[in-house]
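Residue numbers (the working numbering), protein chains in the order written: chain A, 1 to 640; chain B, 1 to 640.
Please note that the accuracy of each hint is not assured.
[Unchecked claim] Straight-line C-alpha distance at most 30 Å; calculated DSS-like pairs for lysine-lysine: (1) A/K602 to B/K323; (2) B/K12 to B/K436; (3) A/K632 to B/K323.
[As the list claims (entries may be wrong)] Sample of chain B residues facing chain A (criterion: CB under 10 Å; computed from the structure): (4) P227; (5) N386; (6) Q389.
I should point out that these hints are in silico values taken from the structure, not numbers from a laboratory. Quick caveat: nothing in here was measured; it's all calculated off a predicted structure. Glycine residues also receive a C-beta, built at the ideal position from the N, C-alpha and C atoms.
Number of protein chains: 2
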Amino acid sequence: MSSADETLDRIKAQVEEETPDDIEIDSVAFEGPELVIYTPDAQTVANRDGIVRNLAQTLRKRINVRPTQEALVPPNEARARITQTIPEDAGVQNLDFDRQTGEVFIEAEKPGRVIGRHGATLDDISASVGWTPEVVRTPPMESSTVSNVRNYLKQEREERRDILQRVGRQINRPTTSDEDWVRLTTLGCCREVGRAAFILSTPESRILIDCGDKPGAEGEVPYLQAPEALAAGPNSLDAVVLTHAHLDHSALIPILFKYGYDGPIYTTAPTRDLMGLLQLDYLDVASKEGRTPPYESQQVRDALKHTIPLEFGNVTDIAPDIKLTMHNAGHILGSAVCHFHIGEGRYNVAFSGDIHYKDTRLLDGAVNDFPRVETLVLESTYGGKNDYQTDQSDSERVLRDVINEAYENDGKILIPAFAVGRSQELMLVLEEAMRKGDIPTMPVYLDGMIREATAIHTAYPEYLRDDLRQRILYEDENPFLAEQFEQVDGGDEMRQDIADDEPAIILTTSGMVTGGPVMSWLRLLGSDPDSTMAFVGYQAEGTLGRQIQRGQNEITLGDTSGPRAERVSLRLNVETVDGFSGHADRQGLESFVETMHPRPEKILCVHGDASTTNQLSSALYQKFNMRTHNPKNLETFRLS
Amino acid sequence: MSSADETLDRIKAQVEEETPDDIEIDSVAFEGPELVIYTPDAQTVANRDGIVRNLAQTLRKRINVRPTQEALVPPNEARARITQTIPEDAGVQNLDFDRQTGEVFIEAEKPGRVIGRHGATLDDISASVGWTPEVVRTPPMESSTVSNVRNYLKQEREERRDILQRVGRQINRPTTSDEDWVRLTTLGCCREVGRAAFILSTPESRILIDCGDKPGAEGEVPYLQAPEALAAGPNSLDAVVLTHAHLDHSALIPILFKYGYDGPIYTTAPTRDLMGLLQLDYLDVASKEGRTPPYESQQVRDALKHTIPLEFGNVTDIAPDIKLTMHNAGHILGSAVCHFHIGEGRYNVAFSGDIHYKDTRLLDGAVNDFPRVETLVLESTYGGKNDYQTDQSDSERVLRDVINEAYENDGKILIPAFAVGRSQELMLVLEEAMRKGDIPTMPVYLDGMIREATAIHTAYPEYLRDDLRQRILYEDENPFLAEQFEQVDGGDEMRQDIADDEPAIILTTSGMVTGGPVMSWLRLLGSDPDSTMAFVGYQAEGTLGRQIQRGQNEITLGDTSGPRAERVSLRLNVETVDGFSGHADRQGLESFVETMHPRPEKILCVHGDASTTNQLSSALYQKFNMRTHNPKNLETFRLS
């Protein structure tokens with residue numbers, strides 16, 4: 001008998017002892033970080049107060065109670081009963097029965113109507129059919145990413161269960177070492193922006209946090225071959241934890257599966273979907289630019305299949321001695337500050353990922369309140385001593401002025417923007433400004449992945465800011481569905497029509513003008529002195545966006561050195577509107593630390609260039625009298 | 001054809017081009033760090049100025065020119081000719097012909113007489129027999145260690161050549177990485193004294209520096225299982241470098257061979273012999289104390305077999321991108337400051353090992369002059385803010401007073417001392433004091449390994465201080481052979497006789513009264529109020545030495561808790577004489593850094609307890625405005 005089996009036997013006995021005598025326990029199993037309890041009395045357990053909570057506290061595990069097979073009404077009969085129970089206006093799209101787990105997934109346009117007051121409708125369903133209802137929202141905007149991911153995971157349900165069981169056994173394996181240390185290794189994004197990757201290790205466990213690329217420097221990937229990382233083989237990792245979906249944090253995760261990794265990825269559900277979208281685009285861009293992508297789309301699917309989605313605030317075992325809790329980071333949809341609790345109260349370390357400290361229109365500001373934290377690994381993108389950004393209200397006023405002026409000139413406003421995050425923030429700004437009459441209502445064309453990324457946002461409204469969520473969920477006032485937003489889905493012909501038509505705003509990728517549809521727009525509008533190009537995001541050194549921003553007035557499009565190269569004289573107005581960054585500025589980073597509870601003993605300043613991390617590290621040391629570092633890549637810190 | 005073969009072909013062509021046309025080159029081969037050139041004209045090459053030097057400079061390798069087989073006079077004939085050539089008073093003990101290398105090892109009591117004026121006699125031998133003469137000193141004191149090591153290496157000559165060739169190919173392998181970093185990992189002796197061990201690594205190479213035990217804490221061995229160390233297998237190490245023979249630096253080296261390591265150990269010849277002596281004693285002590293030793297004597301022999309002895313100042317390739325140079329450290333015989341030059345001028349790091357900055361009677365002070373050095377890893381044993389020691393001249397006066405007083409009382413002077421280092425220093429002090437009449441001439445009994453360790457010193461006089469070397473080599477005034485020194489080789493019976501006899505000095509191990517013959521002496525002299533016990537070395541917390549030093553007047557000998565336990569009331573005088581340490585004190589460490597050339601950019605303070613390394617680190621930072629650290633174990637620093 002394996003030690004995992006012995007552990008399960010012991011836990012089953014404990015569960016039986018802790019539950020009332022009238023409840024029969026059929027079996028218990030590990031599934032990922034959860035303990036699953038199978039019982040013919042699942043309904044009773046669910047309805048009787050405190051049983052699950054008590055078990056979770058006693059066993060210190062996340063508990064999932066499932067009905068045994070014999071408690072389930074056959075699917076056809078169940079389908080009929082469920083359809084009768086749920087009100088018509090819930091807009092049920094699909095019912096999907098998973099016999100292995102006894103779950104029925106109910107996809108509906110209005111999940112609230114499926115759930116009912118205080119969950120009454122769900123309780124009715126459960127009592128009537130024995131199946132455990134799980135409600136899934138039909139995205140208010142159709143998202144091919146969300147539906148592809150859902151279909152793929154459904155199709156791979158069997159293998160996914162195997163993965164979860166294997167992960168569960170790994171997490172619950174007995175600990176073996178009598179040593180006692182915590183180490184943190186930097187594999188990237190130190191004294192640079194890009195290729196975020198860290199190893200957190202103990203004598204028992206090894207966790208990889210993020211695994212990104214470095215934009216503009218394709219060869220510079222994280223130091224995965226370091227002895228602390230994959231040198232002992234890809235499966236010496238217990239888990240991968242992803243803070244958020246941006247490629248400088250997520251791009252190289254699929255390569256782990258190419259190397260043979262078959263363990264879990266922990267992240268939020270929206271990050272999982274955005275990650276899939278961006279990784280596939282990453283492959284697409286690489287292939288269009290004639291580079292050999294470092295992995296194939298199969299590995300993107302492998303990554304999705306191995307992802308265990310976590311909700312903010314849920315404490316989750318991810319290794320025998322490590323618990324992970326994710327908290328809102330305010331940076332983009334699903335972005336998380338990742339808090340690791342090691343041992344029984346031994347040590348706590350938080351990774352900020354990328355953060356925005358203040359609330360934005362889209363998201364609440366980053367969480368900085370933890371039960372305990374000794375070390376903080378803090379992003380420093382805008383940590384330089386002069387990196388103070390304009391207030392968003394001022395920025396919005398500037399943007400409105402730019403738009404009004406272009407409108408008066410009968411021109412177009414071309415805004416290159418990142419598909420995920422900045423675009424949605426701008427959509428909210430534009431929708432409000434038009435609604436309030438601060439700018440004229442005119443078409444806002446979305447080009448590139450922006451619409452798809454926006455649709456993913458609407459599929460996860462619970463991750464958005466309170467008032468925005470309310471508008472999306474209950475009031476049918478979804479700002480992203482405002483009628484002026486229109487997808488560019490007719491190629492260059494449609495773009496030509498738009499260019500020839502009335503004044504309009506064009507939101508398009510790529511955000512740094514390094515490729516994508518923005519290039520077509522430059523061809524169409526570049527020589528139009530009535531139009532305006534407005535930069536709202538960071539333009540990195542070496543990008544075409546930076547060159548235009550600096551005043552270059554002749555650019556080359558297409559195959560820049562070949563016969564199809566096309567020279568365009570820029571005559572449109574070029575404006576830069578500061579203050580829409582998804583990152584905390586210097587003040588925000590200091591405030592995050594100043595108000596952090598508890599104040600950490602040590603801060604590692606990462607994800608910023610050498611002078612920036614150095615300046616932030618010095619400033620935090622001087623202001624808050626804590627130990628601060630600005631590590632290099634490939635260093636290992638002994639935290640405890 | 002392997003890449004090593006290709007490299008050799010290329011080198012052979014280069015050698016042919018660089019040598020005059022009348023010299024035929026038969027073949028070239030790698031042997032350890034050397035390039036061996038076989039030629040029928042070895043004699044011509046040796047005699048013609050500049051050929052070897054020119055080759056060494058052009059090829060940037062250490063060159064060893066050997067005769068081809070056909071150039072060798074048959075051994076019997078050669079033996080006769082050599083014996084005729086060397087003057088009788090050279091005291092030749094043995095001739096040993098190694099046909100593979102064309103070397104003849106001439107062991108003689110007076111190597112200078114074998115060598116002749118400016119090497120004239122050696123030249124005659126070489127011209128007459130074709131063999132290359134190598135002169136080996138017959139130790140002035142017979143040392144079983146030295147002769148055992150020599151015999152063992154002779155016996156294993158064939159395998160040793162295989163090892164050297166393999167090592168040579170490893171060193172000369174083509175480099176493969178386009179990365180560029182230098183990392184230093186601490187595996188022990190950080191914020192503690194004991195278990196010295198470091199990993200120096202580059203994308204190409206991985207070097208282990210020291211591998212010691214922690215006295216008084218047998219379980220606390222270096223973190224060899226760290227991913228940066230042996231996790232990728234024992235042969236992921238290119239080389240082991242040993243600073244000196246003390247067990248807290250060398251004890252665990254043989255375990256590497258148990259794990260499967262079969263690469264080289266670089267250290268000085270005397271360290272190799274002392275290491276063998278101390279490791280075998282380490283096994284002996286473990287077995288006597290009923291512990292299971294972590295390896296067996298076979299692994300001690302493996303370590304000897306894999307040792308490549310280096311001379312001070314010789315720059316040696318030990319990996320494709322790392323050159324090692326050892327310099328006198330002044331701590332014990334053969335102890336070295338180890339300087340690593342990485343890449344072509346990329347980075348330099350020096351490991352102090354244990355150092356004594358000032359000259360002692362036995363050794364010159366530590367070298368602190370290097371071509372370049374960016375990082376210094378500095379021992380801190382006496383780096384605490386109050387760790388100032390008495391001047392040795394004052395210490396010696398105190399010791400003389402203690403001896404004179406005991407002598408006047410008709411008592412014995414019992415001095416526990418470490419076998420290697422402190423004992424020899426004391427012998428020199430006592431010999432001089434008696435010769436000058438500062439203390440009465442009386443017997444000085446050497447008990448335990450002291451005599452053997454002293455004999456090893458006399459086998460390597462070139463490592464001793466100038467004037468001492470002169471006395472040993474040319475003047476037949478070897479102080480260690482003074483007639484008052486007498487070995488205790490008659491067990492407890494002899495000890496009883498000594499105790500009953502006239503006043504005498506007894507130098508005995510162990511230095512911290514943790515076992516060994518000093519225990520018998522306590523039994524014999526402990527209750528004698530006329531005798532004196534004089535401590536001259538550091539007594540660690542938890543040792544019996546420390547308890548006695550602190551005034552404990554009743555001790556238990558033998559099996560301390562068993563029926564054979566023997567309680568002894570101490571009535572002898574207990575004195576502590578400071579200032580004989582083999583370590584630089586706080587002043588010495590500061591002077592080492594202050595006068596170091598060039599001044600390093602960064603210092604890591606190690607090999608001292610937490611407060612000591614912290615104090616030294618702060619002081620060096622404040623005084624010399626350099627970056628200083630006091631690392632923990634299991635940290636990795638990115639040096640470059």
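* Quick one: which hint numbers does this structure break? Sort them smallest to largest. => 1, 2, 5 and 6
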